[in-house]
Amino acid sequence: MSGILVQQLLNWLTLGCIYALIAVGFSLLFGVLKVIHFSHGDVALVAPFFALAIVQAMISSAAGTIDPASLIIGCVVAIMLTGLLGVLLDWLVIRRFRYAPPMMALVATVALGTVLREAVRHLFPNGSNPHAFPHLATSRIALPGLGEVPTFSVLVIVASVLAVALLFFILHRTTLGVRIRAVSQDLEAARLMAIDPSRIFWATFFIASAIGAVGGLFFASYAGVVRFDFGIQAGLIGFSAAVVGGLGSMVGAIIGSLLIAGLDTIVQATIPDGTSYRLVFAFLLVILVLVFKPSGLLGRVIVEKV
Amino acid sequence: MSMASNTASTAVSRRPAAVDLVTVAGLELGAAAFLRQFLVAEDWRVIVAILAVMGAGFGLLQWRPQIEQRIIDSFARYRVFAIVLGVAIAIAAPVTMADNSYALHLLILALLYAVLALALNFQLGSANIPNFATGASYGIGAYASALVAIHFGVSFWLALPFAAFVATVFGFLLGIPSMRTRESYLALVTIAFGVVIHQLLNNFEWTGGPNGLVGIPAPTLFGHSFASPIEIFGLSLPSQVNFYYLSALLVVVAIVSAHRLHASRVGLAWNALRADELAARCQGINVTWYKVLAFAVDAFLAAFAGTIYAFYVSFISPDNFTFLVSVTIMTMVIVGGMDNILGVIVGAFLLTLLPEKLRVFSDYRILFFGVVVILFLIIRPQGLFPQRLRRYGSEA
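Protein chains in written order, with our numbering: chain A, 1 to 306; chain B, 1 to 396.
Calculated from the structure, these hints are not laboratory results. Among the clues, some could well be false.
Label pairs and their calculated CB-CB ranges [claimed, not checked]: (1) A:Ile157 with B:Phe165: 47 to 57 angstroms; (2) A:Glu148 with B:Arg281: 57 to 67 angstroms; (3) A:Arg199 with B:Gln37: 42 to 52 angstroms; (4) B:Phe152 with A:Glu148: 51 to 61 angstroms; (5) B:Met54 with A:Arg95: 24 to 34 angstroms; (6) B:Arg180 with A:Thr175: 31 to 41 angstroms; (7) A:Val6 with B:Arg281: 46 to 56 angstroms; (8) B:Ala88 with A:Ile271: 50 to 60 angstroms.
Glycine included, C-beta positions come from ideal geometry on N, C-alpha and C.
Start from the sequences and build out the full structure, keeping to the hints where you can.
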């Protein structure tokens with residue numbers, strides 16, 4: 001294969017995986033809550049700020065450049081903290097809208113996203129300005145048959161596959177997963193089976209937010225910077241990918257992400273000045289898909305919904 | 001239904017007329033004075049006190065629903081008087097704050113947002129269609145009128161219907177995918193539409209790109225330029241008052257159309273859609289047509305507001321019409337009260353003025369704003385003024 005093609009394919013997969021990590025959370029939360037958690041993108045993009053704060057705290061004690069070890073520790077802790085943040089938001093706000101009309105809950109989560117963004121902006125030192133986010137991997141790696149490829153792409157793809165595999169393992173091979181799927185199928189019946197719904201909601205929030213955090217970290221690393229308002233765009237794209245695939249379907253969310261990322265890559269590679277129009281094409285695709293498949297690509301086809 | 005209206009009407013007849021008259025006049029004058037104080041207040045203690053009084057007022061209504069009912073009855077009894085007094089207050093309002101151009105500016109913005117919220121209310125409130133693209137229609141209206149005014153020298157009065165026409169065409173276009181999609185999927189279609197419009201305005205060269213359009217000429221009427229102050233009875237009112245009256249007139253048009261539509265078959269059909277789309281379809285209601293119609297009406301009104309905004313500030317950029325603007329309009333409808341004209345207007349005023357008045361909290365105001373919205377949603381989940389049952393016979 002020619003080098004450029006490999007490059008573009010990897011680019012596509014990298015972007016697709018980043019989007020998928022965020023989209024899967026939307027879909028998972030919708031499956032269980034039946035509500036769009038609109039601030040999910042903002043939650044995911046808090047993770048890089050957590051990581052930066054932790055890394056900076058560790059540097060100030062050791063005095064030096066960012067070493068890989070502290071970066072890894074920072075990222076792992078950030079993922080955990082973001083998961084807990086998701087649970088906290090549910091406990092503070094979202095659970096109060098369990099039985100409210102979905103529109104109320106939607107607007108509440110939109111307002112919640114605003115609060116999160118502003119909180120990051122004011123609580124993080126110098127939060128209004130863009131912050132450089134370290135590249136998780138800058139080197140290139142030689143792969144058999146493909147030549148030299150950026151390590152970052154390989155890292156993103158491998159990590160995403162692992163994260164999604166872990167998610168599927170939890171959902172389909174553990175008791176917790178059975179309970180999550182039960183609540184997603186029928187809340188009342190699950191309650192009758194002695195499942196405590198609020199614990200399931202919290203577990204779902206933790207899992208979705210933690211996976212979103214992985215996506216957020218990659219998102220920031222891919223861009224090289226992180227800003228307090230990145231969450232809007234990440235959230236819109238992740239949400240679109242989840243809806244195009246069909247809300248509630250994990251596989252759909254991944255397919256939707258790859259589709260949007262694919263179009264994104266093609267537009268950037270082929271149309272001159274395409275970068276400024278990438279969102280236009282992505283969202284025209286969204287409209288087009290929904291015109292022909294009103295409930296997403298895998299919306300009703302899959303009986304099992306999680 | 002008829003039982004309820006009977007008891008209401010007997011309660012009215014038992015009370016002396018003067019009490020009702022005083023209630024109506026007192027409430028309208030009191031609300032106007034209250035709003036004026038809120039507009040001109042700069043001391044943060046005054047603003048907090050005003051917010052507290054308002055909170056207490058809504059708390060009282062929540063605690064004693066019969067008070068709300070009495071007020072409603074008084075207004076029903078003296079409708080004409082209430083309308084005449086309201087119009088008189090609206091006309092006199094700018095005189096009382098002629099020296100405060102910032103307060104006037106806020107008032108005009110609040111009026112324009114009230115129109116936008118009323119426009120969205122046709123969809124969200126009446127028909128439960130989540131439309132996240134009202135900001136885009138607003139932008140299309142503003143850009144369409146500004147472009148023809150700048151490039152072809154078209155006057156404001158011709159640009160206005162032109163902008164409304166363009167936006168309505170886009171509204172129909174947006175309505176087409178809505179025929180098949182519903183709920184979250186429909187919400188995404190409108191979000192996507194809004195983002196596409198915003199990105200195009202931001203990227204096209206002929207829309208001025210991110211820099212926007214500058215130098216939109218001020219409208220003139222019978223030789224009087226809207227950029228010059230109004231001279232009347234030896235009184236000189238700042239030029240903004242021109243736009244205040246224009247926006248106020250638009251709000252009146254919006255209220256009248258909202259009222260007429262609500263009372264018509266169209267409003268009934270929209271309410272049927274809200275209750276149950278499938279059942280409405282089974283009753284022979286052309287669901288598709290009424291959905292698309294709701295999009296068109298929303299776009300039509302939003303374009304009017306957009307045109308006035310463009311000519312008022314004489315500068316527009318894509319940043320005025322982002323996704324967040326649409327979200328704000330949606331929040332106004334939901335916080336104020338869905339399908340309740342007064343509620344929607346109060347919501348629009350509150351959410352336009354609140355961030356400005358929270359400037360005392362400087363950088364934290366948007367944070368505070370988000371918190372207040374969430375609190376409102378939690379405390380009064382039906383909105384400040386809940387949607388009311390349709391009453392037949394007792395009104396009009």
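Verification of the supplied hints:
With their beta carbons about 50 angstroms apart, Ile157 (chain A) and Phe165 (chain B) fall inside the hinted range of 47 to 57 angstroms. Look at Glu148 (chain A) against Arg281 (chain B): about 59 angstroms separates their beta carbons, and that is inside 57 to 67 angstroms. With their beta carbons about 49 angstroms apart, Arg199 (chain A) and Gln37 (chain B) fall inside the hinted range of 42 to 52 angstroms. One distance hint, 51 to 61 angstroms for the beta-carbon pair Phe152 (chain B) and Glu148 (chain A), holds here, with the actual separation near 57 angstroms.
In this structure the hint that Met54 (chain B) and Arg95 (chain A) lie 24 to 34 angstroms apart at CB holds, the actual value being about 27 angstroms. Against the hinted window of 31 to 41 angstroms, the Cβ-Cβ separation of Arg180 (chain B) and Thr175 (chain A) comes to about 39 angstroms, which satisfies the hint. In this structure, Val6 (chain A) and Arg281 (chain B) meet the distance hint of 46 to 56 angstroms, their C-beta atoms being roughly 52 angstroms apart. At about 59 angstroms, the beta-carbon gap between Ala88 (chain B) and Ile271 (chain A) stays in the expected band of 50 to 60 angstroms.
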